[in-house]
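*Asks:* Quick note, in the working numbering, the sequence shown goes up one by one and the last residue is 156.
Keep in mind that the hints are not guaranteed to be accurate.
Here are the simulated lysine-lysine pairs, DSS-like style, with alpha carbons at most 30 Å apart [as the list claims (entries may be wrong)]: (1) 125 x 105; (2) 145 x 125; (3) 156 x 142; (4) 19 x 33; (5) 36 x 46; (6) 135 x 92.
If you anchor each label on the Cβ, the simulated ranges turn out as follows [as the list claims (entries may be wrong)]: (7) 73 x 139: 47 to 55 Å; (8) 58 x 111: 51 to 59 Å; (9) 125 x 77: 46 to 54 Å; (10) 80 x 154: 44 to 52 Å.
For the record, the hints were derived by calculation from the structure and aren't laboratory data. By construction, the Cβ of each residue, glycine as well, lies at the ideal position given by its N, Cα and C atoms.
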Amino acid sequence: MADTFNKKALQQKRAKKKQDKLEKREERKVNNDKGKSLEEMTVYLDEFGNFTDVPPEQQKRKKINSKDILLGATPITEQKEHTGVLSLFFADKAYGFITEDETRETIFVHSNKMLEPITEKDKVSYEKEKTPKGFAAVNVRKIK
Numbered sequence: 013m014a015d016t017f018n019k020k021a022l023q024q025k026r027a028k029k030k031q032d033k034l035e036k037r038e039e040r041k042v043n044n045d046k047g048k049s050l051e052e053m054t055v056y057l058d059e060f061g062n063f064t065d066v067p068p069e070q071q072k073r074k075k076i077n078s079k080d081i082l083l084g085a086t087p088i089t090e091q092k093e094h095t096g097v098l099s100l101f102f103a104d105k106a107y108g109f110i111t112e113d114e115t116r117e118t119i120f121v122h123s124n125k126m127l128e129p130i131t132e133k134d135k136v137s138y139e140k141e142k143t144p145k146g147f148a149a150v151n152v153r154k155i156k
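Let the sequences and hints guide you as you build the complete structure.
*Replies:* Written as structure tokens, this is what we have:
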């Protein structure tokens, strides 16, 4: 009995599929990953976040001198005495504002914090004090 062209094509296709399966099976036997030890399967991260096979104990590390490490922020050295000009002063309300010489900021001042009587446009020296509403001038003295 004669096989048709279609039957021969199907038989060849099945034979090729069977051959491919056998080749894959042989390849899996040769490249078997199962049964590896835990050390062979373990991957580590180095200090830069890259994968490596070397455990962290055996990696090269930089020596850091503990005295080179700075803890906390460096303290800001602020000068005690500031100078400025009393730009506004309301005598009836007993407060005013000093314009600072260096930063041109205005700083609140109350007459209770003045060591001597001062009028508008006088050059003064003072110390800054932090308040909930900002800075205020204390120990205000007139510069002659």
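*Asks:* For the pair supplied as a hint, residue 125 and residue 105, is the alpha-carbon distance within the 30 Å limit?
*Replies:* holds (14 Å)
*Asks:* Taking the CB of residue 58 and the CB of residue 111, does the distance hold inside 51 to 59 Å?
*Replies:* holds (57 Å)
*Asks:* Does the Cβ pair residue 80, residue 154 satisfy 44 to 52 Å?
*Replies:* Check passed, 49 Å falls within 44 to 52 Å.
*Asks:* Residue 36 and residue 46: Cα distance at most 30 Å?
*Replies:* At roughly 16 Å apart (the allowed maximum being 30 Å), residue 46 and residue 36 satisfy the hint.
*Asks:* State, for the Cβ atoms of residue 73 and residue 139, whether the hinted interval 47 to 55 Å holds or is violated.
*Replies:* holds (50 Å)
*Asks:* Please work out if residue 156 and residue 142 have their alpha carbons no farther apart than 30 Å.
*Replies:* holds (27 Å)
*Asks:* Is the straight-line distance between the alpha-carbon of residue 145 and that of residue 125 30 Å or less?
*Replies:* OK: residue 145 and residue 125 at ~16 Å, within 30 Å.
*Asks:* Next pair to validate is residue 19 with residue 33; report whether the Cα-Cα distance is within 30 Å.
*Replies:* holds (21 Å)
*Asks:* So the hint says 46 to 54 Å: do the beta-carbon atoms of residue 125 and residue 77 match that?
*Replies:* holds (48 Å)
*Asks:* For the pair supplied as a hint, residue 135 and residue 92, confirm whether the alpha-carbon distance does not exceed 30 Å.
*Replies:* holds (17 Å)
Hint compliance for this structure: every hint is met.
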